[in-house]
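Those sequence lines, one after another, are chains A and B. Just so we're aligned: 623 in UniProt numbering is position 623 of the first sequence, and the numbers increase by one with no gaps anywhere. Just so we're aligned: 37 in UniProt numbering is position 37 of the second sequence, and the numbers increase by one with no gaps anywhere.
It should be emphasised that the hints constitute simulated quantities derived from the structure, not laboratory data. Do not rely on the hints blindly, as some may be mistaken.
Straight-line C-alpha distance at most 27 Å; calculated BS3-like pairs for lysine-lysine [unchecked claim]:
(1) A:K38 / B:K613
(2) A:K87 / B:K613
(3) A:K88 / B:K207
(4) B:K207 / A:K613
(5) B:K87 / A:K613
(6) A:K595 / A:K6
(7) A:K613 / B:K403
(8) A:K238 / A:K321
(9) B:K38 / A:K613
(10) B:K428 / A:K428
(11) A:K227 / A:K78
(12) B:K6 / A:K610
(13) B:K403 / B:K467
(14) B:K321 / B:K238
Some but not every residue of chain B turned toward chain A, in silico, with C-beta under 8 Å [said to hold, decoys possible]:
(15) L182
(16) T292
(17) S368
(18) G530
(19) F537
(20) N539
(21) Q588
(22) N600
Computed from a predicted model, the values in this text were never measured in an experiment. All C-beta atoms in this analysis are idealised placements derived from N, C-alpha and C, irrespective of residue type, glycine included.
Number of protein chains: 2
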Amino acid sequence: LENIIKQDPVLQRGRRWAFQSREERADTGVWKHLYVDKLQADLGVTDVKEREYLRDAAAAHEGYVLGLHFGMIIPTIKNQASEEQQKKWLPMAESMRMIATYAQTELGHGTFIRGLETTATYDPKTEEFILNTPTLSAIKYWPGGLGKTVNHCVLMAQLFTEGVSRGIHMFMVQVRDLDSHLPLPGIEIGDIGPKFGFEEMDNGYLKIDNVRIPRENMLMKYSKVLKDGTYQQPPSDKLAYGSMVLLRCSITASVAKCLAEACVISIRYSAVRRQTEISPGGEEAQILDYQTQQYHLFPLLATSFAMQFAGNFIDDFYREKYPDIAKGRFDFLPQLHAMSAGLKAFSAWTCSAGVETCRQCCGGHGYSHASGLPKIYVDCTPACTYEGENMVLMLQVARFLMKEYSKLMNGQPLSSVVQFLKCDLTMKSCMAEEVALKCLVLAYQHRVTRLVADAANCIQDIIGEGKSQQEAWNSCTVRLFWAARAFCHAFVVENFVNTVSEKHLDEKTREVLTSLCRLYGVHGIITNLGEFIQDDFFNSEQIQILSHTLTVLLREIRPNAVALVDAYDFPDTVLQSCLGRFDGQVYQALYDYAKSSPLNEKEVLDSYYKYIKPAQMPNKELFSRL
Amino acid sequence: LENIIKQDPVLQRGRRWAFQSREERADTGVWKHLYVDKLQADLGVTDVKEREYLRDAAAAHEGYVLGLHFGMIIPTIKNQASEEQQKKWLPMAESMRMIATYAQTELGHGTFIRGLETTATYDPKTEEFILNTPTLSAIKYWPGGLGKTVNHCVLMAQLFTEGVSRGIHMFMVQVRDLDSHLPLPGIEIGDIGPKFGFEEMDNGYLKIDNVRIPRENMLMKYSKVLKDGTYQQPPSDKLAYGSMVLLRCSITASVAKCLAEACVISIRYSAVRRQTEISPGGEEAQILDYQTQQYHLFPLLATSFAMQFAGNFIDDFYREKYPDIAKGRFDFLPQLHAMSAGLKAFSAWTCSAGVETCRQCCGGHGYSHASGLPKIYVDCTPACTYEGENMVLMLQVARFLMKEYSKLMNGQPLSSVVQFLKCDLTMKSCMAEEVALKCLVLAYQHRVTRLVADAANCIQDIIGEGKSQQEAWNSCTVRLFWAARAFCHAFVVENFVNTVSEKHLDEKTREVLTSLCRLYGVHGIITNLGEFIQDDFFNSEQIQILSHTLTVLLREIRPNAVALVDAYDFPDTVLQSCLGRFDGQVYQALYDYAKSSPLNEKEVLDSYYKYIKPAQMPNKELFSRL
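Using the sequences and the hints given, assemble the complete structure.
If you want it as structure tokens, here you go:
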């Protein structure tokens, strides 16, 4: 598939991503998206992973301007619209007669959905909803593609029927004319302007002033409003969760991929780059041979594997448990919710910070768009915010942990992912010279257990002082966050250990992956040592073993480092990095990048004639002209 | 001064920074720079700080395209050129007939200056130097303004005379014609292309092919090449240090300012933004009231003060000690070198990571250029690399510490900044309920002392195994880095404590600053707890006190948080942030930002007609056209 892409003449068109203006990027984003869709159809590629490889190879940097339409709106119609509605809308959406996005976030409201201010008030006389963004802070802001691309949106709004607020519901709203593409009356709509990244995407704003839509435009698979305005509740609140959780589950794998790309670039470059003679007069050393460089990069390489495996886990977990949930069996929902929220937040923070570290490890050249790294960072970091702000999600994980802890206190059975909370906190670590994986896992589980108990005690203490449950919670959120973070970390370590222990691995692969797994575990302990040793879980000899093992592992991984990043097998067209090229011709590529800079199209810039030359004149005629 | 700027009609011209293309930014950068220079001259502003305030108010976002010419080249001519050379070049430089930059970094060579490959070979027959960039990796790459703006550069090159390499020296090289501004023969020169930030700056590349310059163009204040090629050494190698150290000393204050700006924006926004009802059905809370938000932002607010004070210290230290050094008395040079390197690296890492945390604390809106935060980050983060790569500098600090440690072992007197290394490592912390500042300082000093001894032992152990000094050093750089980092951290804490203890402070100010100082100290301990407690320096009760004090301090600072950021008194024109406005009208500003997005200049984008409309047709005529 990648070879087909490499040879496709249409895809070779246009300037390098870094050289394009925002307008060009928005333009390129659209045609590449449509072209790749067509390629996939022509080639008959239907497998999800294969489609992703193909899209990456063809348009890794262009973003998916229509991604929300195909990836989120069509599934939402399938999951939330009645059969009749589906019959009407699905063909329109699939043929792109209707292009839609998901309009949830408002200027003043994000993760807390109940706070949305947009209203949909049912008028039984005309059998219509009257839509409004009644305040400045109610204006929809951020939805991808809303500004210029779409002609419809699925609007999240507070439903009012019979004078009563019924909570947030979804409405299909046409915003632009299907032929002229001009905004409809009562609709003010546009792009929200330049951002850190995602320049190709016309994230939009939408102001609605008394727009009427027919009753049939409320998505009515579960909740319903009858002609006379009677409201029928959904069988369960939990059914709306589905697509949000699915999207969240996909984030861990996608941020892991960002970190993997950054590791490929920075590790390959560190094998090419030389700096400082290691002994006086000798050759300058590859910077990858410096222990400090290894100390920054190898734990991130290990993290990229750890997060990839965690992403696989949560994808599988979702696929395994979701059918039950869709059938109304909610036993696994709390665990699925906690794991998807926690892994999303933990992986997004870890991977986006890791990408920045990789960039800094490439020195000055990392700062150039020639490295490809700034682009990876700005693509990755929004994952900390979208689909649930990370800290809010972490506190949802903490809430799950507190519930489980109170089950533990009451002698009730625990959910499968937190069985270890039963462990004995007075036990000491089994860590010895060989740094057994089992002892690493136990250390992380011990840390969670202590921090969970600590957070629970914090809450109890404050309740004991006569404060409300709510006040106590709010006074302990830092400790709750520590507990939740430790829980996610422990899970990722355990899952990594499980993955390297799988039977089907050949022994050579297992050996290398085990080094990485051990490094991930040891580095995490050293970096967060205080949380592990406050209760003397490790003795000082064990701490020495771990510190020492850290540098031993760096040395152990060094000979395999380049092979490990090559194993990711990203084509150069995906990385688009002068530093991360497979052939190592870094300096030639940087030189070529410079020569083709758009600023070099003119030998002398206009500013020379307009400003600099006049400023050189003794009479400074420039300033009379400005 | 700021009011004059606000009312100046010329400065109001042009589009908002975020809406400009790279070409516009490069253009704006030049004229604003020249215009502000003229304003400063007309107003007779000569004080360094006042000039900075004025420039910030007028052109905070535009960068200083000519900054290196005025800030670095003119001082370099004064410090490194002979009197005769100064007489020739200074008037040319001051009138801008000559515009120059400093050409040091090469494609393959950065911080390790001795590795530079560019050559200047003296030819006594013609009394000229022959300049060459003999390899791909020798091409000059990155110097600011080199691409399009300058007509000269101060070239760093390996000098060869009488067939012998004489090390790196400086040469004044003309690169473009003074009238046509076209490159001279043998010179290939241009912009290096788009980067993460600094778009207005034409960082350049320079390839030199057998260019001859007269003997008089070597900067000859110290080293000299006589007509016959005889080389005269400088009286001391150390004299060349001066301007590099000066620039480094200025970085701590400048990254502290970046963090301060980010704190102003994120704390003001957190007082406006509301999310999630704190009790069911109640009003949504200001996000600044959430403990987790305080936990992220208040330690950074404290850090911004800590780093500002550290910046003041190192500036004063330089000004106090440099005159001696210039006279050839080098007693303080090792300390000045270590402190300037360490504070530069420590502050650049801390502040640039802090800016990103501030951005993430603003949720989705932080990601928009409307917040002003992405721009602050990309302006700040290169400080981790330029003027000495951070990790390299940290290891230079470590080398200083190892020398001092060996003095300690040999009973010799220690430099003033490391007197505390004499402390008794078996002593335990004096920390008690009131968290005395003195006990905080001692804790940080204890940590350094332990880590310094630990690194020294690491080296000794490996030498004991029969390895060379060099090998031993290279095997212990991670521990050396930990020691150096802890040293910088301890210094910043101690300097903060000294500052809040100054007699001239009024008591109310001292009280508030003391809370911040205590928070800085306590938060640093909790975040790096492992390094403090490995030897049981704190007992478990003391750890509990510190954890508890952390949240107490957050609560204590909350009522003063907005006043503290207002105290920085940055005008809105400097912040250019919809979120950080003094008047709090965040949502109106975001709405206005969106409405004025350049993408909204056309109601329907060309891509709609070119791609989307054809793609909607059943025959998909689009694809035959692409």
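*asked:* Please check whether N539 (chain B) passes as an interface residue: C-beta within 8 Å of a C-beta belonging to chain A.
replied: violated (11 Å)
_Against the 27 Å threshold, does the CA-CA distance of K6 (chain B) and K610 (chain A) hold or violate the hint?_
Roughly 24 Å between the alpha carbons, so the hint for K6 (chain B) and K610 (chain A) holds.
*asked:* Next pair to validate is K207 (chain B) with K613 (chain A); report whether the Cα-Cα distance is within 27 Å.
replied: holds (25 Å)
*Regarding the pair K595 (chain A) and K6 (chain A), is the alpha-carbon distance no greater than 27 Å?*
With Cα atoms ~24 Å apart, K595 (chain A) and K6 (chain A) stay inside 27 Å; holds.
*asked:* Next item in the hint list is S368 (chain B). Is there a CB on chain A closer than 8 Å to its CB?
replied: Result: holds, 5 Å to nearest chain A Cβ.
_Agreement of K88 (chain A) and K207 (chain B) with the hint, judged by alpha carbon distance not exceeding 27 Å_ = violated (64 Å)
*Given pair status - K613 (chain B), K87 (chain A), alpha carbons within 27 Å*: Between K87 (chain A) and K613 (chain B) the Cα gap is close to 23 Å, so the pair holds against 27 Å.
*Given the hint that K38 (chain B) pairs with K613 (chain A), does the C-alpha gap stay at or below 27 Å?*
holds (15 Å)
*Restraint status (C-alpha distance of K321 (chain B) to K238 (chain B) at most 27 Å)*: holds (14 Å)
*asked:* For K403 (chain B) and K467 (chain B), compute the direct alpha-carbon distance and say whether it is at most 27 Å.
replied: Holds, at roughly 19 Å.
_Given hint N600 (chain B) near chain A, where the shortest CB pair must fall under 8 Å_ = OK, holds: N600 (chain B) within 8 Å of chain A, min 4 Å.
*Does K613 (chain A) pair with K403 (chain B) here, judged by a C-alpha cut-off of 27 Å?*
The hint is violated at about 53 Å.
Hint compliance for this structure: hints 3, 7, 19 and 20 are not met, and every other hint is.
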